[in-house]
Amino acid sequence: MKHGKYRFLAMAILPALVLHVVFVLSPYAQAFYLSLTDWTGVAGQANFVGLDNFAKLGEDPLFLSALGNNALMLIVVPLATIAIALFLSSMLNLGGRRGRAEVGGVAGGKFYKIVYFFPQLLSVPIIAVLWQFVYSPNNGLLNGFLSSVGLDGLARTWLADGSTALWAIMAVMIWSAVGFYVVLFSAAMDSIPRELFEAARLDGAGRFATFRSITLPLVRDNVNAAFVYLGIAALDGFALVQILSVGPGGPDGATEVIGLGLYRNAFSFGQFGYASAMGVALFFLTLTLAVIAMRSGRRTKVEMA
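So the mapping is simple: the numbering used here equals the position in the sequence shown, first residue as 1, plus 4.
Quick caveat, the hints were computed from the structure, so don't treat them as lab data.
Built from N, CA and C at the ideal position, the CB exists for glycine as well.
Treat the hints with caution; some may be incorrect.
Label pairs and their calculated CB-CB ranges [what the hints assert, rightly or not]:
#: 1; residue 1: 158; residue 2: 122; range: 26 to 36 Å
#: 2; residue 1: 150; residue 2: 273; range: 34 to 44 Å
#: 3; residue 1: 13; residue 2: 296; range: 30 to 40 Å
#: 4; residue 1: 14; residue 2: 44; range: 41 to 51 Å
#: 5; residue 1: 212; residue 2: 12; range: 50 to 60 Å
With the sequences and hints as input, model every part of the structure.
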């Protein structure tokens with residue numbers, strides 16, 4: 005009877021396990037192997053070159069520039085997105101005034117959540133094209149607004165200026181992601197017992213003290229998950245950079261990211277081995293980010309306990 009149960013479980017799990025190995029683990033293994041070769045993508049054979057591709061990465065100024073840009077995006081995009089989403093979700097769910105102790109959301113909070121979530125309904129190419137019109141130097145919405153309020157001196161060719169191009173793209177990434185995390189954090193805040201907030205209000209705690217002592221610790225798991233997902237998006241950033249940037253990747257490599265370099269080396273230059281090395285480097289960077297975020301969340305739980 006016992007062996008029959010285990011046999012049934014094994015037969016139930018085996019098809020999914022085989023599919024996972026074939027369609028998930030196998031491509032990873034192939035990428036790791038190709039990163040050690042000079043395969044061009046069309047040649048019938050690939051010569052083993054060992055770690056030469058990885059050594060070349062350390063000497064490639066464009067890759068190092070991409071690494072620096074991705075590092076900046078990894079800091080700015082998650083922190084800004086999470087901070088804005090936490091602020092908006094706190095205001096929508098806990099910012100209403102209903103009495104001395106009673107805590108609730110603002111009027112029309114559900115409608116605002118729907119509006120904030122709208123960018124999630126758009127594909128990345130559509131978002132990029134819309135923001136191209138916003139950033140257009142001649143008749144764009146942003147420069148037009150600055151001119152209308154008498155700030156013509158602040159007008160820029162936002163996507164063609166090396167000092168503003170990457171920041172402009174990061175602003176689009178933050179704008180497109182905030183709505184999702186507003187909904188995520190709002191759901192987490194809705195699950196917090198209102199008695200905790202009411203007790204804090206009766207004890208004289210202000211909004212910031214309540215947020216720091218009650219809200220943030222109880223939604224920390226969601227914040228950690230958000231940091232991992234946003235970090236992965238920041239380490240990628242390929243689609244928006246491909247469409248929005250000049251070149252793409254310009255001007256002068258100001259918006260170069262690892263994903264864009266990977267795509268260019270593989271499909272434009274036919275250096276699939278070198279591109280695979282970039283992919284492996286990106287894989288380990290992403291894996292390191294996830295491990296650090298998860299360990300940080302676990303350590304925080306231990307300290308709170």
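For the range 34 to 44 Å, tell me whether the beta carbons of residue 150 and residue 273 fit it or not.
-> Check passed, 40 Å falls within 34 to 44 Å.
Hint check for residue 122 and residue 158 - Cβ pair distance inside 26 to 36 Å | holds, 27 Å
May I ask you to test the hint 30 to 40 Å on the CB atoms belonging to residue 13 and residue 296?
-> holds, 34 Å
Taking the CB of residue 212 and the CB of residue 12, does the distance hold inside 50 to 60 Å?
-> Once the Cβ atoms are compared, 55 Å apart, the range 50 to 60 Å for residue 12 and residue 212 holds.
Range hint 41 to 51 Å: satisfied by the CB atoms of residue 14 and residue 44?
-> holds, 42 Å
Checked against the numbered hints listed earlier, the structure breaks none of them; every hint is satisfied.
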